[in-house]
Amino acid sequence: MSRALIVQRAGPAMSLQDGGRPGFLGQGLSRGGAADPRALAEGAVLLGQGGDLAAVEMAGMGGAFEATGDLRIALTGAPMRASVEGAPLAWGASHLMRAGQVLEIGPVLAGVYGYLHVGGGFDAPEVLGARGAHLSAGIGRVLRVGDRLAAGDDPGGEVGLCLSAEDRFAGGELRAVMGPQTAMFSPEDVARFEGTRFARDARGNRMGLRLIPDGAGFQSRAGLSIVSEIVVPGDIQITGDGVPMVLLVECQTTGGYPRIGTILPCDMPRAAQAPAGAEMRIRFVDRDAALAAERAAADTLRALPGRITRLVRDPWDMRDLLSYQLISGVTAGE
Amino acid sequence: MGQASRHSGADYPRIDWLGLDGLLVRFGDALSEPANRAALALRHAILREDWPGVEEVTGALVSTYLRFDALGVDAGALRARLEDLVARRDWSAEPLPGGRRIWRVPAVFGGDLSPQLAESAGLAGVDPDQAVAEITATRLRVQTIGFAPGQPYLGELPEHWAIPRQTELTPRAEVGALVVAIRQMTLFSTAAPTGWRQVARTALRPFRPESEEPFVLRPGDEVVFEPVDRERFERLREDPQGGAVAEVLP
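So the sequences go chain by chain: A and B.
Going by my numbering, the first residue of the first sequence is number 5, and it counts up by one from there.
Going by my numbering, the first residue of the second sequence is number 7, and it counts up by one from there.
Quick caveat, the hints were computed from the structure, so don't treat them as lab data.
Mixed in with the good hints there might be a few duds.
So the derived label-pair ranges between C-beta atoms look like this [as the list claims (entries may be wrong)]:
1. B:Gly-117 x A:Leu-305: 33 to 39 Å
2. B:His-166 x A:Ala-293: 49 to 55 Å
3. B:Arg-54 x A:Glu-130: 37 to 43 Å
4. A:Arg-201 x B:Arg-20: 32 to 38 Å
5. B:Ala-83 x A:Gly-73: 50 to 56 Å
6. A:Ala-206 x B:Pro-121: 29 to 35 Å
7. A:Asn-209 x B:Asp-245: 32 to 38 Å
8. A:Ala-226 x B:Pro-246: 38 to 44 Å
9. B:His-166 x A:Arg-306: 56 to 62 Å
10. B:Ser-217 x A:Arg-85: 40 to 46 Å
11. A:Gly-310 x B:Pro-58: 28 to 34 Å
Only a predicted model underlies this, so the values are computations on that prediction, with no experimental measurement involved.
We treat Cβ as the ideally placed atom computed from N, Cα and C, and that holds for glycine.
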């Protein structure tokens, strides 16, 4: 029997996620995938494996997972309270779970989406080229108590490694480029938009999040009579009530609300991870600056392996006990 | 936006960036048959060009979109290529893409699977029988697939069907629900709230993720709805295609 994690307790919005399904916009299917792709990359680096493997995405609240065999795991994205058999586990790190042990992941401490990775990735049937759930399209579903999450083949590797995550869990500034409908807003309103402090609305899901302005809302000069056209993740659409909505990975593929601009892909993890109430601002940049930002983000991702450090056991702090055992010479997966 | 720019004209086609990694060509700012035809034709032409770095080409009702590898290609050069292609011909006069099919889709009109037939007919100024006759007599084109996976925008119905969306949303339209607004129809592929009015229900599931061909309909296909009774509908629900039959158009 292959190694697996059995879900013993499930937060309300846990699902398997990977890089999603790009290429199906013409069939009405948005790409989906992890809401925070950077967290997927971090997990892959921590476990020394490919970035296209599936992980468990946990929105706001984790769950309890029993290992049916020895497993390497990594925890990335929004930090959550985690422990194995009562021993706290460091977030942003890799650990070993022994057969029969139960991993407890509690509520999020900052940000929104936490990720649980396993050596070999979670093995689930591929649908349209990916394993992740696309909840709004009805592909896959949220995880439930009793689900058996099989792990793929794990060649093994070191655990007890950590990677300090870029802080993207408290809102802040998002950079955007203007788009085909920016001119539907008056220059005064575009300037006011940039100067506005927004608070991330508590409502939101993988389709999008609302940003409540600290002043008046925004209205396009075209009103609400725009013919539906392609919308993409990152688009900032202004709905009928004048409140901006940032579209996320599971957004619809066409829409008729005017869009004031599009958030840069490299700033989307920060957008998705902003917790309810977080203060956010949006700044327009020109295409050259946007491209430079995107290149810098890609360079940072490529440099991740060089930023790995070992978890060090502090005798006064037992948090990393499990990892410490690994550093002492136990190799997972063997 | 003045009235003068409501239709494709001197301002169109327009090319704009959409996000850091996309280009959008719009053929008008309102739905029209020529603009829809142009969007379909340009999409197929770009696919044929097979430009390096282009990762996806798709269309909406009156626009064509391409997504490219922003870090891997010279976006300015790609835009210039696109501008050149767009300027090369009158896309609204191009033939529709080949391999199109006509679908005959059984649908129940009337009764509880058709909750807003009378209301919609009233808004269109006809009685319900006449409404069904008009809807089933119209060969509707799949103008685009969008909103939800496999979900077709179908058009157009006769002009008096330019009925508005509802002000309140219907909380849930089921898969297979046939709804109408603004001379268009759509056939729900996932259960979702809607501002359109439901006039019929089919047993066709336009998105079947478990199937070899998950997306049943393609842009350019034509659809004709054929009235069936409730009993027949219930039997058709066991057919993966809900009794829909396709024939390749000559």
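Verification of the hints:
Distance hint check: the CB atoms of Gly-117 of chain B and Leu-305 of chain A are about 56 Å apart, inconsistent with the given range 33 to 39 Å. Taking the beta carbon of each, His-166 of chain B and Ala-293 of chain A are about 51 Å apart, inside 49 to 55 Å as hinted. A C-beta distance of roughly 29 Å is found between Arg-54 of chain B and Glu-130 of chain A, which places it outside the suggested range of 37 to 43 Å. Judged by the Cβ atoms, the range 32 to 38 Å given for Arg-201 of chain A and Arg-20 of chain B holds: they are separated by roughly 33 Å.
At roughly 53 Å, the beta carbons of Ala-83 of chain B and Gly-73 of chain A sit within the given window of 50 to 56 Å. Restraint check, Ala-206 of chain A to Pro-121 of chain B: a C-beta distance of roughly 33 Å satisfies the suggested window 29 to 35 Å. Checked against the given bound of 32 to 38 Å, the beta carbons of Asn-209 of chain A and Asp-245 of chain B, roughly 34 Å apart, stay inside it. At roughly 42 Å, the beta carbons of Ala-226 of chain A and Pro-246 of chain B sit within the given window of 38 to 44 Å.
Our hint of 56 to 62 Å for His-166 of chain B and Arg-306 of chain A holds, since their Cβ atoms are close to 60 Å apart. Distance hint check: the CB atoms of Ser-217 of chain B and Arg-85 of chain A are about 42 Å apart, consistent with the given range 40 to 46 Å. Separated by about 31 Å at the C-beta atoms, Gly-310 of chain A and Pro-58 of chain B satisfy the suggested range of 28 to 34 Å.
The structure does not agree with the numbered hints 1, 3 stated previously, though it agrees with the rest.
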